[in-house]
Amino acid sequence: METMDVETATKAVNGKPTLPTRRVAIIISRGSLDGVYPGLIMANGARMEGIDAMLFFTFWGMDAITEKRMDHLHVATVGNPSMHIPTWLGGIPGMSAFATSMMSKEMEKLDIPPVREFIQMIHDSGGEIYACKASVDMFHLKKEDFCAEVDDIITVGDFYEKSDGAQIIFT
Amino acid sequence: MNTKEIAGITLEVDAEGFLKDSKQWNTTIAEAIAQEEGIGQLTDSHWKVVNFMRDVFQERGDGPTIRQLTKESGVDTKSLYQLFPGGPAKKAAKIAGIPKPHGCI
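Protein chains in written order, with our numbering: chain A, 1 to 171; chain B, 1 to 105.
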């Protein structure tokens with residue numbers, strides 16, 4: 001009996017072996033445009049590949065799911081050595097807005113959606129979206145402050161429970 | 001070179017089973033691949049997606065992104081994932097007889 005169970009478990013619909021569904025848990029901890037996008041792209045990419053995905057927004061990362069802030073994320077031009085411009089130049093008023101608009105245009109060309117649309121896309125594709133309880137308490141936020149796609153506010157313990165067996169990616 | 005017999009015809013495919021020559025494709029082949037991929041019987045909604053993918057490929061030489069697919073084909077994201085569980089763009093491309101899409105989105 002036991003061997004038969006093993007056999008049926010490894011056999012799939014049309015003779016191809018089935019693998020257990022992969023799952024990724026992606027943590028987004030930064031709130032700049034360049035801090036948020038990698039996690040969103042990876043979560044969406046996972047869903048496209050048929051991999052289960054959950055997003056956990058913590059600390060400044062929560063800006064990406066906060067109703068008031070999610071449409072106004074910026075690229076950091078100060079304290080960002082990868083910008084290859086001097087710090088004093090990055091600090092000139094309008095520099096961050098300029099860099100943000102440049103990057104947004106380039107992303108649009110690649111058909112990468114704005115944050116709000118991206119979050120909705122991931123949610124519609126079955127990706128789960130959570131906010132970190134500790135950060136929510138620290139910033140005095142409520143469920144109503146978040147966009148509708150946020151499934152829940154969860155503790156670190158809940159996070160580990162939900163990400164059981166998943167690959168955890170911190171961004 | 002990999003070959004595979006689909007719907008009674010021997011076809012050239014890549015390592016993942018995508019057709020090498022999209023011109024060899026026909027609707028019977030699409031139905032057969034759909035069965036093999038566990039999608040089952042293709043409905044009108046499935047065909048809407050598959051035909052859209054073929055049109056875009058013929059026009060631009062690559063399959064559409066998920067975003068184009070949902071914006072332009074009239075099938076929304078939720079339905080798309082329900083129609084093609086386990087990777088919509090990839091599975092729809094395979095059924096449409098076009099190469100695996102190259103984009104990340």
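Worth flagging that the hints you see were computed from the coordinates, not collected in a lab. Some hints here could point you the wrong way.
Short, incomplete list of chain B residues facing chain A, as computed with Cβ under 8 Å [stated by the list, open to error]:
hint: 1; residue: Trp25
hint: 2; residue: Ile29
hint: 3; residue: Phe57
hint: 4; residue: Arg67
hint: 5; residue: Glu72
hint: 6; residue: Ser73
hint: 7; residue: Thr77
hint: 8; residue: Leu83
hint: 9; residue: Gly86
hint: 10; residue: Pro99
hint: 11; residue: Lys100
hint: 12; residue: His102
For glycine and all other residues, C-beta sits at the position ideal for the given N, C-alpha and C.
Each hint, compared with the structure:
1. Trp25: 20 Å, violated
2. Ile29: Check failed: Cβ of Ile29 of chain B comes no nearer than 16 Å to chain A, outside 8 Å.
3. Phe57: 16 Å, violated
4. Arg67: 5 Å, holds
5. Glu72: 11 Å, violated
6. Ser73: 14 Å, violated
7. Thr77: 4 Å, holds
8. Leu83: 12 Å, violated
9. Gly86: Gly86 of chain B check passes; min Cβ-Cβ to chain A is 4 Å, inside 8 Å.
10. Pro99: Violated, about 15 Å.
11. Lys100: Where the cut-off is 8 Å and the nearest Cβ of chain A is about 11 Å from Lys100 of chain B, the hint is violated.
12. His102: 12 Å, violated
In terms of the numbered hints stated before, the structure departs from hints 1, 2, 3, 5, 6, 8, 10, 11 and 12, listed from lowest to highest.
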